[in-house]
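So the number in the working numbering is just where the residue sits in the sequence shown, counting from 1, plus 2.
It should be emphasised that the hints constitute simulated quantities derived from the structure, not laboratory data.
There could be a bad hint or two in this list.
As the list claims (entries may be wrong) - Calculated cross-link-like contacts (lysine-lysine; reagent style DSS-like; alpha-carbon spacing at most 27 Å):
(1) K66 <-> K35
(2) K25 <-> K66
(3) K35 <-> K85
Claimed, not checked - Simulated restraints on C-beta separations:
(4) M3 <-> K85: 30 to 40 Å
(5) Q54 <-> M3: 25 to 35 Å
(6) Q10 <-> K66: 17 to 27 Å
(7) G46 <-> P75: 15 to 25 Å
Being a predicted model, the structure only gives us computed values, none of them experimental.
Ideal Cβ positions, reconstructed from N, Cα and C, are used throughout, including at glycine.
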Amino acid sequence: MVTLEPVQVGDYTLTAVEVKLPKTTLITVSTSKGYIMCGALDVGLLNERLGQRQIIAARAVGVKTVAELLAAPMESVTHEAEKLGIVPGMTGVEALIRMM
3 MVTLEPVQVG
13 DYTLTAVEVK
23 LPKTTLITVS
33 TSKGYIMCGA
43 LDVGLLNERL
53 GQRQIIAARA
63 VGVKTVAELL
73 AAPMESVTHE
83 AEKLGIVPGM
93 TGVEALIRMM
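Generate coordinates for the entire structure from the input sequences, incorporating the hints supplied.
Below, the structure is given as structure tokens:
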């Protein structure tokens, strides 16, 4: 099952997506510039093999809900996210605000 829901972050309404899969759930919240995602995101792949795409993204591990993703510290971020001041340890909300 796929669920789309609006999420309010500051003055912005963003889109949260949950994809229920066997034994796991993929969770992401996106802006027009980038996104944060659960541990399924492969930041290394985005930086190394897809670097030319300049993807702005950050990853949190151990989250099971959108609310947890928003509150969790980012475990890793892409090089392009770093250029916006997004760093590991920053919460999902803080990362998303810098992606606006």
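Each hint tested on the structure:
1. K66 <-> K35: Distance ~24 Å between K66 and K35 Cα, so the pair holds.
2. K25 <-> K66: At roughly 12 Å apart (the allowed maximum being 27 Å), K66 and K25 satisfy the hint.
3. K35 <-> K85: This hinted pair holds, its Cα atoms lying about 13 Å apart.
4. M3 <-> K85: 30 to 40 Å: holds (35 Å)
5. Q54 <-> M3: 25 to 35 Å: Distance hint for Q54, M3 holds at roughly 34 Å.
6. Q10 <-> K66: 17 to 27 Å: holds (20 Å)
7. G46 <-> P75: 15 to 25 Å: holds (19 Å)
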